[in-house]
Amino acid sequence: MANSATAIERRSGLAAVYEVGATGGSAEKPGVTLAERRPLSIVHVAGDPDTAAFADGVRSATGCALPTNANTMNRSGNDAVIWLAPTRWLCVSPDQGPGVLEGALRVACGDAGAVIDVSHGRTVTRLSGPNARDVLMKGPPVDLHASVFAPGSAVQSNMAHCGVLITCIDEDTFDLYCFRAFGQHMWEWLCEASLEYGYEVGETVGI
Amino acid sequence: MSQTFRMPEGGLIDRAKPVTFKFNGVRYNGFEGDTLASALLANGVHFVGRSFKYHRPRGILGAGAEEANAMVQLREGARTEPNVRAGQIDLFDGLTAASQNCWPSLNFDLQSVNNLFKRLLPAGFYYKTFKWPLSMWLTYEHVIRNAAGMGKSAVKKDPDRYERMNAFCDVLVAGGGPAGLMAALTAARAGARVILAEETAAFGGHLKGRRYRIVGRSAMDWVRETIAELDGMANVTLLPRTTVASYYDHNMLVLNQHTGDHLPTAAGDTPRQKVWKVWATEVVLATGSIERPMVFGNNDRPGIMLASAAQAYVNQFAVKPGCCTVVFTNNDSGYEAAVDLFNAGIEVAAIVDNRHERSAAADAAEGVGIEILNGHVVYNATGSKRVTGAEVMALDYEGETLTGEHRTIACDFLCMAGGWTPSVHLFSQSRGKTLWDEGLAAFLPGESFQRERSAGACRGSMGLASCLRDGAAAGLDAVKAAGFGSASSVEAPVADDHGPGALRAMWKVPLPPHTHLKQFVDFQNDVAATDIELAAREGYRSVEHTKRYTTLGMGTDQGKTSNINGLAILAGALGKPIPDVGHTTFRPPYTAITFGAIAGQERGHHFAPTRRTPLHDWHAENGAPFVPAGYWLRAQYYLRDGEGMWDAIYRETVNVRTNVGLCDVSPLGKIDIQGKDAAEFLNRIYINGFAKLAVGKARYGVMLREDGVVFDDGTTSRLGENHFMMTTTTAKAAAVLQHMEYLLDVVWPELDVHIVSVTEEWCGIAVAGPKSRELLSRITDIDMSNDAFEFMGVREGQIADVPGRIYRISFSGELAYEVGVPADWGRHVWETLMAKGEDLGVQPYGMEAMGILRIEKGHVTGGELNGRTSAGDLGFGGMLSSKKPFIGQRSLSKPAMTDPERKMLVGLKSVDGKSRIPRGGQLVESPGAQLPMEMHGEVTANCYSPNLKEFIGLGIVKRGPERHGERLWAVSPITNQCVEVEICSPHMFDPEGERLRG
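As you go down the protein sequences, you meet chains A and B in turn. Residue numbering for the first sequence is 5 to 211, as defined by this note's numbering. Residue numbering for the second sequence is 404 to 1401, as defined by this note's numbering.
Check each hint, because a few of them may be wrong.
Claimed, not checked - Negatives, chain A to chain B, calculated, CB over 10 Å:
#1 S16
#2 P53
#3 A74
#4 R79
#5 N82
#6 A118
#7 G125
#8 D147
#9 E192
What the hints assert, rightly or not - Calculated cross-link-like contacts (lysine-lysine; reagent style DSSO-like; alpha-carbon spacing at most 30 Å):
#10 B/K921 <-> B/K680
#11 B/K1095 <-> A/K33
#12 A/K33 <-> B/K680
#13 B/K555 <-> B/K921
#14 B/K1135 <-> B/K1095
#15 B/K1297 <-> B/K1287
What the hints assert, rightly or not - Label pairs and their calculated CB-CB ranges:
#16 B/K555 <-> A/E23: 38 to 44 Å
#17 A/S30 <-> B/F1010: 23 to 29 Å
#18 A/S30 <-> B/G619: 18 to 24 Å
Just so you know, these hints were derived from the structure itself, not from any lab. Where a beta carbon is used, it is the ideal one built from N, C-alpha and C, also for glycine.
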């Protein structure tokens, strides 16, 4: 996509259901805060991690070293590069404008990697609070225990019949990525799963 | 009503929290901490239900999961639940429950006449009686099932919520009794992640119902201290009210947590139940054991209960099951129970022990003056709706015949202590094989098949002291096996109980000569000893067959109290040793799990996920109903005021051909393909060439399966030298991506190609119709002129002030474009198109109009790409490249693929001009022809074409292209339609394609 600025605001896939301040459950202090992380620049990159041009390119464009251990994520400030597969990563950053991050990666990696913008193709929900981990345990059949799924961990699995990517930001904070079209279904599912702990819908997280 | 049988003090109930409940419409009082069973007994209620077959009065047999009689219908209305064991229902304020298997009332039940004819209703009665004539079985079965029944399931929608959890741990401990607690403590202190699941509300297992002492203090003090320590450890998850129900492969166990069953209504914030899937590195089974009943005459009378249950009611609930009891035992457990009952102020009229030798355990009982009858049995119980006495006789030394004087000992409840059956259910589910232990007369866990070990009573380690030691050892073994090699042992505390002593197995009490008494083995299913013996006489040898024939061990309790007695009686009748007969398979779950809990959150609109396009909300706001396409919801048509469905569809269809229409095509699969071998890769997967496709051009492609059948189609655009974007059909988007991933990972890993789905990134808008160019030129900086932007061209630029792409492709056959913009801007662009095209007559069109437009043009979709058609069949034969190999190519030379009789794509027109061609109809020469008649083909699509003003369709017909002008009949026996059709070219509208290039 050409690198061109626009003044048109991006519409969230959760626009119909997202209500800041909404609460669910009876707990006085919400155990979970749900917030959409948006707008984001998300770029899918693929390449050989042993090729210096590729690995260095990703690092120079994102500020994050290419994570080569399975199910991990490297972060630099609010930018992250998330391992997806031995030759695939997701680069995530607060919105840089249309095509900017994609363009930077394409220039930095040259022919060494495949780069494609998927910024609009994901709904990213940030779950935080003391029960955020419990809510996630209702979904994917993977070990999300704090001793295993620690900050910097990332896992791809299935949740509520949808493919998801979950990253651990800190002990009680997680980002849940799903395809945009499944976003509303996933959001409603998360709200229900959070009910027993009490939840609050936060302002969207722009960083 | 006062709780007459509640003791003034003691028990683990909370007397500060009284609750009221209703049973069979009568209001009673109880306390928090009671179960329904204990609260009923506190009010003197023993008679709580009727049996399944004979409708005999039944009481409370046990105090927990083993209950075979006191199954009740719990709650009312939408929350009602059948077959709940009264001893497993935690009492809450306002609870309502009712008896099952009785009509019109518990006291006066019409079907109890069955009991009078019980000798005419032997095992297999229904099978034997209702098979003539065989065809009537279905009628009989309906009546029989109604008569039998086991409670009623709710017919209203369940208002409660259920959820699922997934968890992993180093050590899962099943059972929170003394062995389980020691195992959990040992593993937890070593730092392992431990999950401890306990079926009931409070930890402690059978210690709650006993008066044992640990290190000189009440055993429950030790339990509380241990739980407090475990609760304070971050590596421990305590799950009370959680049954370990099932043990599957790979040490995956299913737990059923009753999060809200003890609350008046769980609806709202707390789910009523949760189903946990736990993946455990190591498992400790500490599931305890269940006491066995004694098999004597009329042993099912209300008031006859397991001695351990009576003990639990006295000690845990401070409830006296009655005023006067007789204890019938074959081991030392009965003595311990008798003393506890005596200490609770109950008169113990006698301990009847079938062992001739006096046990040392008799000292304490004798010390308080209880009469002990060694070498005696209770052979019959008197009474009807409540036991009134025990008929006792002496036993000969061999234990085969009764001797001496008959004596009736009055009592208002009777305790049975028939020995202990270790709960090997989970072990057996884990694929472990059991071994018969002669001393305990029970099956014990044999060699482990998975990473588990049993501890305590469930492996025959009877007595508190050995349970504690056993639990500690199992915990250490488990935690070391889980990788905590340096774990240290935890010393088991000193305890005072040493187990039930030696038992004298007696599977069936002998009866005096010439007496016929029902000696029940399986209470829930009304299976008596004589039924099992009859089955053996009739030739049943396998315990599995006998189970199904007699119903022994079936039903909701799955024979927890009856299995050992039953198979031992079978073994006796067959003259075989018990281990040779074996036991039936223990199948999951241990106790029933409701369907709601199994479904979890996957119900209603979460039964399957919903995919919404970026324009979904606009469609909904503009009157569109949705039609599912896989998980997608797509706008079907847009209703205007005063319109019917077909009016809207035909209006939209005509508008595309006269003005311009917009259609949301976002669900179309989109795959980004990059790499220096990208063109080569496409050449291999499409039947037509892509290597020479110019940058900025799109091409229609068809791909085959390995067997030569068409797999999918779509357009693929070249965005750069090494960069393509493929589109797939909506239905095959995932399958095509998977196919390509497989090829790149497995078949051609040497190709430098990277693919990723970008379906979700793009909002796709088809802009179709003669005025589409004019409309688009108003909102984009791309040069839309025919010379600058040719058919099948692809351009990038600003569209309504956002970056996007325009593809000049057409599915409708009109001059048409497809606009692609990043999803978050989709609605903005769509609304801009609607606003800027108002004077051009722009209208949205839905799936129905799109379907008609494509049928008019003979474009194929899922109906024709049906997994049976070849490229040649669909008119794509000319696209098959001979210059390169491609997937499916070799299969094209198979005789079946070159058969001249293959069915090929044609258009169809209704001959009479007014009859709709039946969809799915078979095409035949004459509907009146002799059967079986030749099938010439079938209808794959049908519609009324408002542009052609006739009923048309598509079909596949043998030698179809040669038969244009020929007439056949489209016959649909399902819809009872028969319409004469004329075969024609599938390109029914604008066959020359002038419109789309204009």
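Comparing the hints with the structure gives:
{"no.": "1", "hint": "S16", "verdict": "violated, 7 Å"}
{"no.": "2", "hint": "P53", "verdict": "holds, 13 Å"}
{"no.": "3", "hint": "A74", "verdict": "holds, 16 Å"}
{"no.": "4", "hint": "R79", "verdict": "holds, 22 Å"}
{"no.": "5", "hint": "N82", "verdict": "holds, 19 Å"}
{"no.": "6", "hint": "A118", "verdict": "violated, 4 Å"}
{"no.": "7", "hint": "G125", "verdict": "violated, 4 Å"}
{"no.": "8", "hint": "D147", "verdict": "violated, 4 Å"}
{"no.": "9", "hint": "E192", "verdict": "violated, 7 Å"}
{"no.": "10", "hint": "B/K921 <-> B/K680", "verdict": "violated, 43 Å"}
{"no.": "11", "hint": "B/K1095 <-> A/K33", "verdict": "violated, 63 Å"}
{"no.": "12", "hint": "A/K33 <-> B/K680", "verdict": "holds, 28 Å"}
{"no.": "13", "hint": "B/K555 <-> B/K921", "verdict": "holds, 28 Å"}
{"no.": "14", "hint": "B/K1135 <-> B/K1095", "verdict": "holds, 26 Å"}
{"no.": "15", "hint": "B/K1297 <-> B/K1287", "verdict": "holds, 19 Å"}
{"no.": "16", "hint": "B/K555 <-> A/E23: 38 to 44 Å", "verdict": "holds, 41 Å"}
{"no.": "17", "hint": "A/S30 <-> B/F1010: 23 to 29 Å", "verdict": "holds, 27 Å"}
{"no.": "18", "hint": "A/S30 <-> B/G619: 18 to 24 Å", "verdict": "violated, 45 Å"}
Hint violations for this structure: numbers 1, 6, 7, 8, 9, 10, 11, 18, all remaining hints satisfied.
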